[in-house]
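Colleague: Hey, can you work out the whole structure from these sequences and the hints?
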Amino acid sequence: MINGILHPKNVVDQLVQQGVSHYVTLPDSETAHMYEALMAEPSITVVPVSREGEAIPVAAGLFIAGQNPVISIQNAGLYEAGDSLRGLALGVGLPLVMFIGYRGHNRKGDTPDSAATILEPFLHLWRVDYFVVESDEDLDRVPLAFDRAARTNQPVAVAIGTEYAKEETAEIVTGGAG
Amino acid sequence: MITYADSCRVLNESRGDAVSVTTMTQTRYWNQVSTEPDLDISISNGMSKASSVALGLALGDPQRRVLCLDSEGSLLMNFGSLATIAGMAPENFYHVVFNNGIYGITGGQPVPAPGVEYAKAAEACGYVSAHRFSDIESLDSALPEILSQPGPALIEIIVKGEPQKEGVDQTWESNAMMPKQLRAMRKRLTGKDDWGPGGPYL
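The listed protein sequences derive, respectively, from chains C and P. Everything in the first sequence is counted per numbering that gives the first Met the number 0, starting at 0 for the first residue and increasing by one. Everything in the second sequence is counted per numbering that gives the first Met the number 0, starting at 0 for the first residue and increasing by one.
No lab work stands behind these hints, which were simulated from the structure alone. Bear in mind the structure is a predicted one, so any value in this text is a computation, not a measurement. Treat the hints with care, as some may be off.
[To be verified] SDA-like, lysine to any residue: derived pairs with alpha carbons at most 20 Å apart: (1) P:Lys191 <-> C:Gly65; (2) P:Lys186 <-> C:Ala149; (3) P:Lys191 <-> C:Gln17; (4) P:Lys186 <-> C:Ser20; (5) P:Lys179 <-> C:Gly65; (6) P:Lys179 <-> C:Thr151; (7) P:Lys191 <-> C:Gly18; (8) P:Lys179 <-> C:Gln66; (9) P:Lys179 <-> C:Leu89.
Modeller: The following block contains the structure:
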């Protein structure tokens, strides 16, 4: 487990600051509470997909139409989406921020979850720049990801290295009642 | 049986100012008849994902009709997109599926289940309407009404197979076409020329 808490509302605030219009996603265990926070944010439209490989092409269509989408899928889903990443993001130079659930990440390097051990080597191999976010203290990396994507016309990953906190937890922590 | 050429001709006659997203064999015929090439993109380097790109366009520009010219082999590979499209239910989405039961681009091998009825599948997923045509007269007469009604609608066309005899020509120039088309369409739809070069082809 990672020490530190990542509150979904704070991530949503980052998305709003970046003018994100659509959140294309297939929910996973790490990001479940993010879904609830997004449903409470009227300026962002959630687009649920049936399989992770759909997320990048849907985002590409949205971007072509003038919108500002992000995607959110799990690391295992990113591997499933490999050809979409190749053809419709890296291949066409799509400036897209991809939130990737870092399932199995524990910072110890001996995780039994191959979905975690493969993620960073995968991103390096595919030449995808990335930032790891493990808690609220790391959220200043989110605007860096948007800036990198816009400057390079390439997809950039934000690897979410912990489970999003439940909103009730967020209230307790931020309210100092814990 | 309907030909690709006739299908594309009657589709173009009814398209109006719809954007089009094509893939596979029909792209060649569509390019010969299209009267709005600035509003056409071909997903030539994104295996099976025409329907997903078209969904993004439909959601991003809800005032404009989107015509996706898909094929059955591609749709089988991205079958979940039927449910995704039905779930978002964009009224401006029209999903044409060319069905001849073979992989034409790779020489004519049969798809795993040549008897799949895509109109029925779309209807079961929740498309607002779904239609199946096997003669050009019926397609020609029905299209204006279908395209004037809210979608998502699926239009399955039983076409004569045209197995390609030679492999697909891959060059740096041919692969640069898709990123150029995507940028041209964004410029046309948004009025902004703000998507600079990126990736290996531009």
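Colleague: Hint by hint, note whether the structure agrees.
Modeller: Verification of the supplied hints:
Simply put, Lys191 (chain P) and Gly65 (chain C) have alpha-carbon atoms about 9 Å apart, close enough for the 20 Å limit, and the pair holds. Note on Lys186 (chain P) and Ala149 (chain C): the hinted pairing holds, with a Cα-Cα distance of about 17 Å set against a maximum of 20 Å. Distance check on the hinted pair: Lys191 (chain P) and Gln17 (chain C) sit about 19 Å apart at the alpha-carbon level, within 20 Å; holds. Restraint check for Lys186 (chain P) and Ser20 (chain C): the C-alpha separation of about 19 Å stays at or below 20 Å, so the hint holds.
About 16 Å separates the Cα atoms of Lys179 (chain P) and Gly65 (chain C), which keeps this hinted pair within 20 Å; it holds. With a C-alpha separation of about 17 Å, the suggested pair Lys179 (chain P) and Thr151 (chain C) falls inside the 20 Å cut-off, and the hint holds. Simply put, Lys191 (chain P) and Gly18 (chain C) have alpha-carbon atoms about 17 Å apart, close enough for the 20 Å limit, and the pair holds. Straight-line distance between C-alpha atoms of Lys179 (chain P) and Gln66 (chain C) comes to about 18 Å, which keeps the hinted pair within the 20 Å bound.
For the given pair, Lys179 (chain P) sits about 14 Å from Leu89 (chain C) by alpha-carbon distance, which is consistent with the 20 Å threshold.
Of the hints listed earlier, there is not a single one the structure fails to meet.
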